[in-house]
Amino acid sequence: AQSVTQLDSHVSVSEGTPVLLRCNYSSSYSPSLFWYVQHPNKGLQLLLKYTSAATLVKGINGFEAEFKKSETSFHLTKPSAHMSDAAEYFCVVTPIYNQGGKLIFGQGTELSVKP
Amino acid sequence: GAVVSQHPSWVICKSGTSVKIECRSLDFQATTMFWYRQFPKQSLMLMATSNEGSKATYEQGVEKDKFLINHASLTLSTLTVTSAHPEDSSFYICSARVAGEIQETQYFGPGTRLLVL
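Residue numbers (our numbering), protein chains in the order written: chain A, 1 to 115; chain B, 1 to 117.
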């Protein structure tokens, strides 16, 4: 079985400061892990994905995430927040060779960026 | 690449009417598309998995006769909300999986907001 827990429902940072959005997963199989971002009233945009290659994954807009198997974590970071980063972020897991294609979503973390 | 569109982006309808939402993969073929529902301030809930040329697989608790899904081609899936009622008001999002891609990346459409009066 797979599950994902986003440890914070809401994170608030000041513009220019680092961002850390935490995600822990549980998976019976080797997982694929994703971070998606959703701006208000929009669909989801893929930020980055981990699929058993390099454990440090770089995504779009300066975001990156590190897969830590020992900690079952896949935290999302960015060195310097921008106002446009304010959005909802979803951590997602699926078995790496998931024939069914189902994604397991976390509950989401709302990121606020203060000027 | 990997762009998914939805139409309409939002729709208002009267209770009892049916509403069709289209999901298209614009620059790739999608053997599998997924339909999600999202309530305000909540995560996405998978409603059904749609495979081209076959019947959709619905998640537990989703009424297949109310939410009709058709996936007639490799680039188009439709969701029809039949006899819509106010409780069906929600944000509906589709996604598509690239055919032949090993890593299970899904690309999401922009969503359709449905309001049933």
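These are calculated hints, taken from the structure and not from any lab test.
Hints may contain errors.
What the hints assert, rightly or not - Under 7 Å between C-beta atoms, here's a sample of chain A residues computed to sit facing chain B: (1) 42; (2) 43; (3) 63.
We treat Cβ as the ideally placed atom computed from N, Cα and C, and that holds for glycine.
Query raised in the report: Any CB of chain B closer than 7 Å to the CB of residue 43/A?
Result: This hint holds: residue 43/A lies near chain B, its Cβ roughly 4 Å from the closest one there, short of 7 Å.
Query raised in the report: Given residue 63/A as an interface hint, is the shortest Cβ-Cβ distance to chain B below 7 Å?
Result: Violated, because the Cβ-Cβ distance from residue 63/A to chain B comes to roughly 16 Å (cut-off 7 Å).
Query raised in the report: Taking the closest Cβ pair, is residue 42/A under 7 Å from chain B?
Result: Constraint on residue 42/A satisfied, holds at 6 Å.
In summary, the one numbered hint that this structure violates is 3.
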